[in-house]
Amino acid sequence: MKSIVADLHIHTCLSPCGELTMSPRRIVEEAVRRGIAWIAVADHNTASMVDAVAAAAAEAKIEFLFGMELQTREEVHLLAYFDTSDACHRFADAIYPLLPDRENEPAYFGDQVCVDLDETIVGTEPKLLVNSLDLGFEQAMDRVREYGGLPVPAHVDRETFGLLAQLGFVPEGATFDVVETTSGRLPEGFGGAAAICSSDAHTPEDIGRRTTRFVVDACTIQEMVLAARGVGGRSMACCWDRGRTT
Amino acid sequence: MNLSQIVERLSLEPIVEPNEPNAEVTGGFCGDLLSHVLAAARSGDLWITIQHHTNVVAVAQVAGLSAIIIAHGRRPDDATVSRAREGGIALLASPEPAFEIAGRLHQLLSAPA
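First to last, the sequence lines map onto chains A and B. Sequential numbering of the first sequence, starting at 1, is according to my numbering. Sequential numbering of the second sequence, starting at 1, is according to my numbering.
Derived from the structure by calculation, the hints contain no laboratory data. Treat the hints with care, since some could be wrong.
These stretches of chain B come out as covered by chain A in the derived footprint (C-beta under 8 Å, 3 or more residues) [what the hints assert, rightly or not]:
#1 26-35
#2 58-71
Over 10 Å on every C-beta distance to chain A, these chain B residues come out as not near it, computed from the model [unchecked claim]:
#3 5
#4 20
#5 39
#6 78
#7 87
#8 93
#9 96
All values reported here derive from a predicted model rather than from experimental measurement. By construction, the Cβ of each residue, glycine as well, lies at the ideal position given by its N, Cα and C atoms.
All chains, please: the whole structure from these sequences, using the hints.
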């Protein structure tokens, strides 16, 4: 069992709202500098940058989880975590056709570029990524699980793009293992779930502004679920505003 | 009917003044899902919404909307206001619910000139 500080919601330069400075090595450097030893990338509706950041994390010998931040038809943001690059890409490929064909206009929304480890631009995403998939929230939850992933509603207590603000309630019958909050406190209606905090960083400075300390056997989604349930001495505790803890 | 006339007739508070107050408003659009507005609003529409985060400005620019009415007493934050200023998108606030604003706007736009 090990105790590890994680920031599992970081955008890269590929997200139009993410700064161009959010390159793989820069993200990892900032994380390491702040004592974070487990990160996940979660770009909007795409997994095209996960491998480059995974490679940078491997160089620095920190843990990595493959993630995406989906935007559902109701404009709810839903994180999807996968243990392997393959699983993440299979899922990303499956949902790409559900993203509208509207082109990104970088002048208004921002650039959507993929870079490699050396910050060379290796591609651009033509479709606007901050758009809604043709997939309802509960369908999206099911789809993530179908592909072997862990669905985690993002910043549920935030006014913009959070589950509670967008829907007004937690859908009846929906079950959650892990829920991301900005306050560390789980709002009503998520019975049985455990809260995590992550930065939702779009700039290097914001990395680690919120984190979660996990006590787990390994850095996998299954261990995260076991920690949420407090099985076998595993645990998770939120840390927000750089230091205040639950 | 032009934008400045509508601002006056609907008692809208210009948080960011229109760049072209004499621009003709051709129609209106109600919507709080940005993806829906992107897909369905027509260029020149006056957009009525309760959303007020920074992305509304980008959506208005891309969709070519004439201005944004932020309904029901919601207030944009500083980042949204500065982004609207930079982008030349008027932000107009109203305490009225969207239904009331849309009804009155529809009457104004369909009245004989």
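Each hint, compared with the structure:
no., hint, in the structure
1, 26-35, "holds (count 3)"
2, 58-71, "holds (count 3)"
3, 5, "holds, 28 Å"
4, 20, "holds, 18 Å"
5, 39, "violated, 7 Å"
6, 78, "holds, 15 Å"
7, 87, "violated, 8 Å"
8, 93, "holds, 17 Å"
9, 96, "holds, 21 Å"
In this structure, the hints that do not hold are numbers 5, 7, in rising order.
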